[in-house]
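Asks: Take a look at the letters that make up each chain.
There are 2 protein chains.
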Amino acid sequence: MKLYDITQTIDEHMTVYKNKAEKRPIINVTRTHNVGGVRESSITLDVHTGTHLDAPLHMQADGTTIDTMALEQLITRCKVFDFTHLDRGISKGDLDHHKIEKGDVVLFKTRNSFEDFFNPEFIYLEESGAKYLTGIGIKGVGTDGLGIERAQPGHPTHHTLFNSGVYVLEGLALKDVPVGEYELIALPLKLKGLDASPVRAVLIERD
Amino acid sequence: MKLYDITQTIDEHMTVYKNKAEKRPIINVTRTHNVGGVRESSITLDVHTGTHLDAPLHMQADGTTIDTMALEQLITRCKVFDFTHLDRGISKGDLDHHKIEKGDVVLFKTRNSFEDFFNPEFIYLEESGAKYLTGIGIKGVGTDGLGIERAQPGHPTHHTLFNSGVYVLEGLALKDVPVGEYELIALPLKLKGLDASPVRAVLIERD
Chain A
178 MKLYDITQTI DEHMTVYKNK AEKRPIINVT RTHNVGGVRE SSITLDVHTG
228 THLDAPLHMQ ADGTTIDTMA LEQLITRCKV FDFTHLDRGI SKGDLDHHKI
278 EKGDVVLFKT RNSFEDFFNP EFIYLEESGA KYLTGIGIKG VGTDGLGIER
328 AQPGHPTHHT LFNSGVYVLE GLALKDVPVG EYELIALPLK LKGLDASPVR
378 AVLIERD
Chain B
178 MKLYDITQTI DEHMTVYKNK AEKRPIINVT RTHNVGGVRE SSITLDVHTG
228 THLDAPLHMQ ADGTTIDTMA LEQLITRCKV FDFTHLDRGI SKGDLDHHKI
278 EKGDVVLFKT RNSFEDFFNP EFIYLEESGA KYLTGIGIKG VGTDGLGIER
328 AQPGHPTHHT LFNSGVYVLE GLALKDVPVG EYELIALPLK LKGLDASPVR
378 AVLIERD
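Chains A and B supply the protein sequences, listed in that same order.
Under my numbering, the final residue of the first sequence carries the number 384; numbering is consecutive throughout.
Under my numbering, the final residue of the second sequence carries the number 384; numbering is consecutive throughout.
With the rest of the complex left out, here is chain A (with noise of 0.2 Å):
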């Protein structure tokens, strides 16, 4: 199998959103090998920190949270989209005339996956793209911009997918990875009762 590390390295100098300073890691040696040979560390991350899954929690007060995601749902096949040429938000008529069927995982690469800084201007999905999108019935959507929108009022794109079930993926680095089909595996971890998760997450793409 072929492996595509579609995730954001966690460090101290990553892109933040909006360049927040409360957004960066921490991260703490807290034993080094001069004390019984052992090295060890702790990191403070903000739960939306580089590639990351959002949950409805997020946005909606009585939302789910990311300890009861369908992991079922995020170990699956997935569609690669280019999307590099536009430069504005992805909108139903970026969509429609794309192969995009019941029970798809589409993810979305654009300028985003070029832009080692964090661009105020990043492509995100429009409201009528996310109302496209639920209608056919996705179960989930990925960007790679550090949040699926941007600048609309009430965060319609969000409420739009979480209302249909369809889950967020964020901060996907999808420079190297050509349009096609995937395997996608992109797990949270088990933090009980949050908003968000950082993953590690993978396209496999087998022989």
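Quick caveat, the hints were computed from the structure, so don't treat them as lab data.
There may be inaccurate statements among the hints.
Since the list can't tell identical chains apart, any single copy or any two copies may satisfy a pair.
Claimed, not checked - DSBU-like cross-link-like pairs, simulated, lysine-lysine; straight-line CA separation at most 30 Å: (1) 352 x 369; (2) 179 x 197; (3) 179 x 276; (4) 279 x 195; (5) 179 x 279; (6) 179 x 369; (7) 316 x 179; (8) 256 x 279.
Assemble chain B onto chain A, guided by the hints.
Replies: What follows is chain B alone, placed relative to chain A:
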């Protein structure tokens, strides 16, 4: 497919190594829904918390780091063995009548999986067992203890395994898993330069 989640839940009340307060996760809700309708959280984690994968750097100053682990080896066939009858370390004599072959990943189900507290007498892999397994040429080992060894001066079990390129999963939750063969998925977060990572570990039984 049938999926077994073999991951401990991460929360502030979980069992931590030697019950050390500094190893307990800290969870902060950093934004609530009454601020723009968005909930966000951060978590502070010892990277050896709960179900986790060690990197050689944990025990070896020149060891490789968790972000360089070969992911293909962590999406792989594995074998679960039952050692719930043991009340001491797992030795060569416990292993040598089992069918363990070159390239295997072996997971040990012990009484640890049935204890929801830190037992200082947890079941571990003795040096003789580690030498036997590396002699066969296994590629990974997993345990339901929070450590693969205990109270062995100089940590010979870890060193024996790491010197042979065998990876070490700790803190698996195997209580409900029957003995048998499965597909394992246990991918670490992409934590730059660190000595371990929490993982969401699952076993898959395909039809």
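Asks: Each hint needs a verdict: does it hold in this structure or not?
Replies: Here is how each hint holds up against the structure:
For the identical chains of this complex, residue 352 and residue 369 are inter-copy neighbours only, at 19 Å across copies versus 32 Å inside a copy, given an alpha-carbon limit of 30 Å. Neither within a single protomer nor between protomers do residue 179 and residue 197 lie at most 30 Å apart by alpha-carbon distance, with minima of 36 Å and 41 Å respectively. When the C-alpha separation of residue 179 and residue 276 is checked against a cutoff of 30 Å, the pair qualifies both within a copy, at 24 Å, and between copies, at 29 Å. In this assembly of identical chains, the alpha carbons of residue 279 and residue 195 never lie at most 30 Å apart, being 34 Å within a copy and 49 Å across copies at closest.
For the identical chains of this complex, residue 179 and residue 279 are neighbours both inside a copy (26 Å) and across copies (22 Å), given an alpha-carbon limit of 30 Å. Taking CA atoms no more than 30 Å apart as the test, residue 179 paired with residue 369 passes between copies only; the shortest distance there is 23 Å, against 33 Å inside one copy. Both within a single protomer and between protomers do residue 316 and residue 179 lie at most 30 Å apart by alpha-carbon distance, with minima of 24 Å and 19 Å respectively. Taking identical chains as interchangeable, the C-alpha atoms of residue 256 and residue 279 lie at most 30 Å apart only when both belong to the same chain, with a minimum of 12 Å there against 35 Å between chains.
Of the hints listed earlier, those the structure fails to meet are numbers 2 and 4, in rising order.
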